[in-house]
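4 protein chains.
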Amino acid sequence: MKKIKYAMVGGGEGSFIGPIHRMAAKMDDSAELVAGAFSRDSRNNAATAAKLSLDPSRVYDDWRALIAAEKGRIDFLTVCTPNDSHYAIAKAALEAGMHVMCEKPLSLTVREAKTLRRIAERKSLLLAVPFTYTGNPMVKLARDLIAGGELGRVCKVHVEYMQGSFRKIDFRKPLDKRNRWKMDPKSSGPSCVVADIGVHGATLIEYMTGLEIEKVLADLSSFAPGNTLDDDASILIRLSGGAKAVMVTSKIASGEENGLRVRVYGEKASLFWDQENNNYLSVKYPGAPEKIYKRSAPYVRAESETAFMASRIPAGHHEGFIEAFANIYRGFAAAIAGEKGVDFPTAEEGVRTMRFVEAVLKSSAAGGRWTGL
Amino acid sequence: MKKIKYAMVGGGEGSFIGPIHRMAAKMDDSAELVAGAFSRDSRNNAATAAKLSLDPSRVYDDWRALIAAEKGRIDFLTVCTPNDSHYAIAKAALEAGMHVMCEKPLSLTVREAKTLRRIAERKSLLLAVPFTYTGNPMVKLARDLIAGGELGRVCKVHVEYMQGSFRKIDFRKPLDKRNRWKMDPKSSGPSCVVADIGVHGATLIEYMTGLEIEKVLADLSSFAPGNTLDDDASILIRLSGGAKAVMVTSKIASGEENGLRVRVYGEKASLFWDQENNNYLSVKYPGAPEKIYKRSAPYVRAESETAFMASRIPAGHHEGFIEAFANIYRGFAAAIAGEKGVDFPTAEEGVRTMRFVEAVLKSSAAGGRWTGL
Amino acid sequence: MKKIKYAMVGGGEGSFIGPIHRMAAKMDDSAELVAGAFSRDSRNNAATAAKLSLDPSRVYDDWRALIAAEKGRIDFLTVCTPNDSHYAIAKAALEAGMHVMCEKPLSLTVREAKTLRRIAERKSLLLAVPFTYTGNPMVKLARDLIAGGELGRVCKVHVEYMQGSFRKIDFRKPLDKRNRWKMDPKSSGPSCVVADIGVHGATLIEYMTGLEIEKVLADLSSFAPGNTLDDDASILIRLSGGAKAVMVTSKIASGEENGLRVRVYGEKASLFWDQENNNYLSVKYPGAPEKIYKRSAPYVRAESETAFMASRIPAGHHEGFIEAFANIYRGFAAAIAGEKGVDFPTAEEGVRTMRFVEAVLKSSAAGGRWTGL
Amino acid sequence: MKKIKYAMVGGGEGSFIGPIHRMAAKMDDSAELVAGAFSRDSRNNAATAAKLSLDPSRVYDDWRALIAAEKGRIDFLTVCTPNDSHYAIAKAALEAGMHVMCEKPLSLTVREAKTLRRIAERKSLLLAVPFTYTGNPMVKLARDLIAGGELGRVCKVHVEYMQGSFRKIDFRKPLDKRNRWKMDPKSSGPSCVVADIGVHGATLIEYMTGLEIEKVLADLSSFAPGNTLDDDASILIRLSGGAKAVMVTSKIASGEENGLRVRVYGEKASLFWDQENNNYLSVKYPGAPEKIYKRSAPYVRAESETAFMASRIPAGHHEGFIEAFANIYRGFAAAIAGEKGVDFPTAEEGVRTMRFVEAVLKSSAAGGRWTGL
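Residue numbers (the numbering used here), protein chains in the order written: chain V, 18 to 390; chain C, 18 to 390; chain S, 18 to 390; chain Y, 18 to 390.
Same shape as in the complex, but just chain V:
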């Protein structure tokens, strides 16, 4: 079996998501990291590379240099820099014939996201956007239960993604590097909470239900003192086929950690998934006891082969965030190796979430008006 090789831009010391990508790629031997431009700070870059035992000749202080030198030598490039450089790097990598795994948001505008999608299509390259939670086995089970009719027609979806991280920061003082770029429209783009975590919620709605977000009505706020971008959002949503949804998402929800919770109410049953209790899926019925599905249990297989295969270890031995991420790498690598019908999030989700962000911003700016995607 030929090993898939990749390089990484961003993800140097101090990065949260860079190490996640690397652990995810390694967990199932999905891909081997062979080159990198981890930081524009050359000391950080060198230190990161040394820790990873990388060949120093394949470590670059600049992503352009990396793409030029690694063209033809790697299968894909992982982009985990601040938001404002995603587009340029992903574009250059695609044009150099590399598959790309690009952190969300895929770009700062819908237009850019569409451009990337078009280039990837034209060049028959894969462009993945790691919406982590679609890699979770119980999310896959939820999707397949709904697709199989367990809930009947979906009427209402409720998604919340509540974090309290901004309650640990004083935005009126100089921020450390890890947080600074998120608060500055230049590097983060025009949205903070919606673009950073709301997009996960939007993707999950569509992924789980198979319905499309058609219109939004949003009420954004900036509650954290000193913060200028949105840090709290309440969004009414209309889905294709007449269903409705509500999303609440926040960075100022004191005491919340990573409170992503999804409920889907159908005519016959409802289901509930809580990311902080991610190995379980609850299904409730009007006329029967609630059912609790457990990740990797044998009966999961009967409902969803995909969900069952997205686990490594038996029920009761839990998997977490890194494992969900590893599932995306596993799928992406399998697709690069030629497998068809693999389930991982792509430029499609990248574009749709950018459209979601833009519509939300526009609706809120208009004082709360229904706005189409």
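Derived by calculation from the structure, the hints in this document are not laboratory data.
Treat the hints with care, since some could be wrong.
Note: identical chains are not told apart, hence a pair may lie in one copy or across any two.
Said to hold, decoys possible - The calculated lysine-lysine pairs, modelled on DSBU-like cross-linking and capped at a C-alpha distance of 30 Å, are:
| # | residue 1 | residue 2 |
| --- | --- | --- |
| 1 | K379 | K22 |
| 2 | K308 | K379 |
| 3 | K68 | K19 |
| 4 | K131 | K190 |
| 5 | K68 | K357 |
| 6 | K20 | K68 |
| 7 | K140 | K190 |
| 8 | K379 | K232 |
| 9 | K88 | K108 |
| 10 | K232 | K190 |
| 11 | K308 | K285 |
| 12 | K203 | K108 |
| 13 | K285 | K194 |
On the provided structure of chain V, position chains C, S and Y as indicated by the hints.
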């Protein structure tokens, strides 16, 4: 100690809420039932009275007859008929000098609710509207923790009240008596889910936070086949002082039972109360472990004497819905007996919730527009 | 319907269990309190009676006087005095032809308990011992699911009853009246934690599974400084038919409130009931999702009519400890009124739990030896 | 940084634990797999090696060949074969100067375990036994909270490790290879459930509390039809310093997955950890609200630097079983690289758990007699 005596209109066989009122009144010997007009169906009326060992001479087939005959003989009248008769009965009782415990909604219109409030004030009579959950000790604790500054300034409130009861009914067929009146605008008034359970959510927001609902933006639906009134609602809310809230409430949430859950996010902490786990209150902090308060535990007293005194039995021996209701009767009876500063919901909450319902209906009818209360 | 009338011995001011009995009797109008000897302290006695609006001529400073005077005027007598007087009072009441509701432990010795059982049988009187938790709807559901074969043959039972109450008391100082009698072998009998709460566990094992406790091997401790009776117990149990059980029970489990939790493992499934979350029952299967049954939900009825009828209000509106107790009063009153096959705990459970306590004490005293009941 | 290199014996296709070891070693780049003898079935061996992209010249059909050829070329050997070969392989590896990571049970007898420990000591080699759960951050936090006095003196410990795996197998039919060896005393040793999972419980008791297991009184059963070894155990335990413990562990607990739950009751507080909800730790107090600690939250650091550093990602983004295992590899590799005071389970735990198993078997065989370790 003089015993408080009361009569009841409505609450005959088949009624859900009638027996709750009676159990609540008895639990702490708050009041003694001495007369009733339980049903317009005289067989039901007589059967109910017999079960209650009432003196047959004080059982009436008509509420007007009851008020005429019992004037001066009872301390208060409990009204638990279908919504459309609340106003007339409560009004007549007040005018006859009786205190009144009237089920919500207090009336079908804001105007009627205000009239009742005015009469009660003018005649110095007590008019209680039993918003049950304000009687829960942990709700009282939440209120006092917030008032005491434990959360800092409140920024965001999230309330959900999800029921699946309409998934057990086929509205295209003739309904049984217990459900029929709720679906008919004539007897239930112009709103179903908002007036029936959304009002509990609205009251809890104001009761817990001490803030006022100022504006709403609502999206109502009728999902249950054959139903014409609202059975699902998503509501954005602006509170006094710049805080925001979201309410979702539904009768079509398949598999939900009585899913009333409130979260309040403040600058320093957040709290969470779940009616279906009603003996607990969770408080989360950005920089400290989550705390779980338990009903009736000794440390509750330090935070809220009211919450502590609203319990009968030690922590770990749980109390439920009837006990919360009994707290309202206990408070109401104490107030009738002359105690000052007793905590129970009154015409004020009755009027405010009617204003909430009307604003919600108006906002939704306008396609989702911010509407003041 | 003729009203059942009762008197109470014990349960004066400061009593925990007395008010519970009274609330339980009233909740469903099961029985009317008409007389009492609430305390040997005549001021307490009078004050209690006044609060209860009792006819002063039926309030007695001595239980013997009560029995003599109320003979033929009441249907039953409730005994909720300290343990050491249960036997004498219950015996006298039975001999006076009264049915008896006697708090556990029924007596201080097996021999006494058997005497009471014999007298009741001979005189065709009902002798109830309120093992509260058998009145819980979900415990009844558990029993009926097991009897119906849902679990297959039962192999292992695990019961814990953990309280931390002794961590709030300093036994080296003089105790207040409410706690003093429990720590003195003269008034409480030779066992503390086992006789006080372990017996609930023993009853639940037999009630739920239908199996009998045959042998025990016990390890008792006195951990609370200054305490001389058992305050912590670990007990291995052999059940009829080859099943086994383990019971742990404690008064020194810091931070526990009323942690009674029962698990039953059968060949085909297991079930779990937690008294502190008492409206739910979980059933787990090797090859299917866990099921969560909810009190009063319509599907409960299909499994257990008894469990369904033991509820007053719909699922999601919770009932608690008082309601479970009220179910015992309801059953007792129905049996007094002549109903057959009513489900409530009797002298049989009273005798069996005394045998359990004696065997446990004997086993532990022998250093941990298997001891038959 | 010099990379630690290792080889593996066992862990071929069909193995549960082999892949766990490999993922754990990779996750933090703790060690690189360079050689293996994965199966005595040479096709399985070759297939496993190919999947792992190993150099075929370093893949061996026999562990003796591996040790002979890899001597001096690897830093350590991981042993994950069936129980009966642990001793011989670990012994040979140590004698060849290799550090060893040996699956539990370390051997089939205490005597063998002591021999291994002695050899390792004499040769100054590291011998790790991966009791996975000691690698969990919240277990480390529990240990440090107890050591820091948060609970006061520990009085009672309750450990349960309930699995239902034997309910998915019919032991009266020929078993597949994955299960066969566990049921045969020749390959598994004289104990099944106690040696396989009870030892985790024993280790956790000692690891968390710092107390030693001194005596046991055990009641073993073989409930699964056709099974001859113990598949269910109830064990009373005496700890050093006067504390007591109870352990229940089972393979026939229908519907349980990996139900390892530990509670420690001290004079001042108690704590509770549930492996199936492994990112949380609950601490309960007699006079204060329950606290829920969350893995990786900033306040964890103040209580336990070790627990905090055993996490990779922020609170709310959960880690699971593989991550706990990876912590053991990380510690082991750090110790090999010369770091002092690293926290990972060693031959000491290997020996102590073997003594535990032998005492339990002896006690049960004697009909339930206190037996010293």
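For K203 and K108, with the copy left unspecified, which applies at a CA distance of at most 30 Å: within, between, both, or neither? Within one copy, since 19 Å is at most 30 Å while 62 Å is not.
Within a copy, between copies, both or neither: where do K379 and K22 come within 30 Å Cα-Cα? neither (41 Å within a copy, 56 Å between copies)
Checking an output row: K285 and K194, CA cutoff 30 Å. Within, between, both or neither? between (49 Å within a copy, 24 Å between copies)
Given identical chains, is K308 near K379, meaning Cα to Cα at most 30 Å, within a copy, between copies, both, or neither? So K308 and K379 fail the 30 Å test inside a copy (40 Å) and across (39 Å) alike.
Check K68 against K19 for me: Cα-Cα at most 30 Å, and say if that holds within a copy, between copies, both or neither. both (25 Å within a copy, 10 Å between copies)
First find the shortest C-alpha distance between K131 and K190 inside one copy, then the shortest across copies, and answer within, between, both or neither for a cut-off of 30 Å. neither (37 Å within a copy, 50 Å between copies)
Check K232 against K190 for me: Cα-Cα at most 30 Å, and say if that holds within a copy, between copies, both or neither. neither (38 Å within a copy, 34 Å between copies)
With identical chains treated as interchangeable, where does the CA-CA distance between K308 and K285 reach 30 Å or less: within a copy, between copies, both, or neither? Answer is both; intra-copy 14 Å and inter-copy 17 Å each pass.
Alpha-carbon proximity context of K68 and K357, limit 30 Å: Only across copies: K68 and K357 sit 20 Å apart there, 35 Å inside one copy, limit 30 Å.
Alpha-carbon proximity context of K20 and K68, limit 30 Å: both (21 Å within a copy, 10 Å between copies)
Within a copy, between copies, both or neither: which one fits K379 and K232 at a CA-CA cutoff of 30 Å? Classified as both: same-chain Cα gap 11 Å, cross-chain 21 Å, threshold 30 Å.
State whether the alpha carbon distance between K88 and K108 is at most 30 Å within one copy, between copies, both, or neither. within (13 Å within a copy, 49 Å between copies)
The structure shown violates the earlier hints numbered 1, 2, 4, 7, 10.
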